[in-house]
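Build out the structure end to end from the sequences listed, making use of the hints.
Read top to bottom, the protein sequences are chains A and B. When you line the first sequence up against this note's numbering, it's residues 693 to 951, in that order. When you line the second sequence up against this note's numbering, it's residues -14 to 253, in that order.
Among these hints, one or two may not hold up.
Taking lysine-lysine pairs in the DSS-like style, the calculated list, with each CA pair at most 30 Å apart, reads [what the hints assert, rightly or not]:
| no. | chain 1 | residue 1 | chain 2 | residue 2 |
| --- | --- | --- | --- | --- |
| 1 | A | K794 | B | K247 |
| 2 | B | K148 | A | K708 |
| 3 | A | K794 | B | K186 |
| 4 | A | K783 | B | K186 |
| 5 | B | K148 | A | K769 |
| 6 | A | K817 | B | K159 |
| 7 | B | K206 | A | K783 |
| 8 | A | K874 | B | K159 |
| 9 | A | K708 | B | K248 |
| 10 | A | K846 | B | K247 |
| 11 | B | K159 | A | K794 |
| 12 | B | K159 | A | K755 |
| 13 | A | K822 | B | K(-10) |
| 14 | A | K864 | B | K159 |
| 15 | B | K159 | A | K783 |
| 16 | A | K802 | B | K186 |
| 17 | A | K822 | B | K159 |
| 18 | A | K794 | B | K248 |
| 19 | A | K822 | B | K148 |
| 20 | A | K750 | B | K248 |
| 21 | B | K159 | A | K862 |
| 22 | B | K248 | A | K822 |
| 23 | A | K817 | B | K206 |
| 24 | A | K750 | A | K817 |
The hints are simulated quantities; they were obtained by calculation from the structure and are not laboratory data. All figures in this text were calculated on a predicted structure; none of them were measured in a lab.
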Amino acid sequence: MDFLTINHIHHTYFTKSSATTALSDITLDVQEGEFISFLGPSGCGKTTLLSIVAGLIKPTEGKVELENRPIGDGDNKIGYMLQQDYLFPWKTIEENITLGLKMNQVLNDKTRSEALSLLHQMGLKGVESKLPRHLSGGMRQRVALVRTLATEPKLLMLDEPFSALDYQTKLKLEDLVSNTLKQFGKTAILVTHDIGEAIAMSDRIFLFSPQPGRLHKTFTIPEELRNLTPFKARNHRRFAELFQMIWKELEQLEEPEKY
Amino acid sequence: MKNQKSIELLHQDYLKTLINKKRWIRFYQLVIFLLFFSSWELASQKDWIDQLIFSSPSKIWNLFIQKMNDGSLAMNVGVTLTETVVGFILGTFLGTLLAAILWWSPLLSDILDPYLVILNAMPKVALGPILIVALGPGFTSIIAMGAIISIIITTIVVYTSFKEVDPNYVTVLKTFGATRVQCFREAILPASFPTIISTLKVNVGLSWVGVIVGEFLVSAKGLGYMIIYGFQVFNFTLVMLSLLLIAVLATIMYQAVDLLEKKLIKNG
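So this is what it looks like as structure tokens:
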């Protein structure tokens, strides 16, 4: 049984002057505990698809099911992490990480201390009463991850969560996120335009072509890369091979369409 | 070691120049103040200006003491101050409330848009006579004047700031399944807090206009009444006294809001 099924999704954005088709006939499924990536150039509808899966927008056509139930029926099994941390600047770190619990009205001493211990696991101690602006970019993104994980989502969606960070921080966070998700057995979808990041972190990569967004190709990452941490995977021989392969596919996509 | 010492000395020098600069600024501010009042007094004594129209600082001071002693000044100042404070708090509160309603219903905000433009363009003090007829010539209609003058502009400014809140904060809340009320309370309102405080600052000034005009019209109590009364009986010492008091009180109120702003923003 598939954990998440995305079935014939079409999505069109309407404006006064135009109708733009962002996604066209997307069908894919994700197994429980799997880490998958949506890879593609900008304008291929990756983020749109993520928003649809999150239930933030309704697709023009098609349906998404999580554990055989349509998404968006308000039981909040989905966590969403954005490109920037979007921590609330007027809330302390503790108030920020317990925000999801508060929204779901499940904030009590137990869930609060769980969230705080998760924060400690991420290597953030003694920051509970600080404000987000006192923390560095990498620390803030870790806090955002804690905030997302605190509500114990079954499916985690990461929308280019490392793109706003410097390279070193990004590599470290990739390892941390990958290890944390494996440890908790979470299913995750990562949106990225960074080929290396997609290979290093995922089990499968879905390559999208732009205008309109279509599923172009699926790559399965070999076992030997999957079992390594993202940082080690980057140094593996097979990594470079895969990188070249995906790179060529992407280059082809950029050529003008011939039909 | 030696290096550090010299840096410390340089820093002390720098602090000294800062203090010196501040002292000079305060000095010149004081000079302007004294020069203004002493030349006013002198010109009045030497009959270079008409005493009947421009009065003089000493006369104003004497009147101030006299009015303080018979208690009428405290009463009038109290009335005006209450009206202004209530007026501007009411104006800011109702304006923010209206903005929240508009945010809640985008359709309503589209429908009401032209009416907001008209109400904003309209000089609110022109509504004075109608307010007095409707609410009676007293406290209520003057407070209404103080409030009405700032409601619409507050609504427009605060509503704009509600709309400009980064939608991703709302997205974060929505992924947690937050309701629209929760989105407003957790993201929209606190993010707009600095704007609301700064409209408070503008509204202090506006409410003084509303209240003084209201008192002109009602002519029963307050500093506005003292100005109109002094004007009618040609007692310009009374007019000047009221003006000076308004200047002092309005400044104090503005500074209080400024202090409040600094305190709240520091926490936020």
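Hint-by-hint comparison with the structure:
no. : hint              : result
1   : A:K794 - B:K247   : 29 Å, holds
2   : B:K148 - A:K708   : 21 Å, holds
3   : A:K794 - B:K186   : 34 Å, violated
4   : A:K783 - B:K186   : 25 Å, holds
5   : B:K148 - A:K769   : 29 Å, holds
6   : A:K817 - B:K159   : 28 Å, holds
7   : B:K206 - A:K783   : 46 Å, violated
8   : A:K874 - B:K159   : 26 Å, holds
9   : A:K708 - B:K248   : 45 Å, violated
10  : A:K846 - B:K247   : 43 Å, violated
11  : B:K159 - A:K794   : 13 Å, holds
12  : B:K159 - A:K755   : 20 Å, holds
13  : A:K822 - B:K(-10) : 34 Å, violated
14  : A:K864 - B:K159   : 29 Å, holds
15  : B:K159 - A:K783   : 18 Å, holds
16  : A:K802 - B:K186   : 44 Å, violated
17  : A:K822 - B:K159   : 25 Å, holds
18  : A:K794 - B:K248   : 27 Å, holds
19  : A:K822 - B:K148   : 28 Å, holds
20  : A:K750 - B:K248   : 43 Å, violated
21  : B:K159 - A:K862   : 27 Å, holds
22  : B:K248 - A:K822   : 17 Å, holds
23  : A:K817 - B:K206   : 62 Å, violated
24  : A:K750 - A:K817   : 40 Å, violated
Violated hints, listed in ascending order, are 3, 7, 9, 10, 13, 16, 20, 23 and 24; each of the other numbered hints is respected by the structure.
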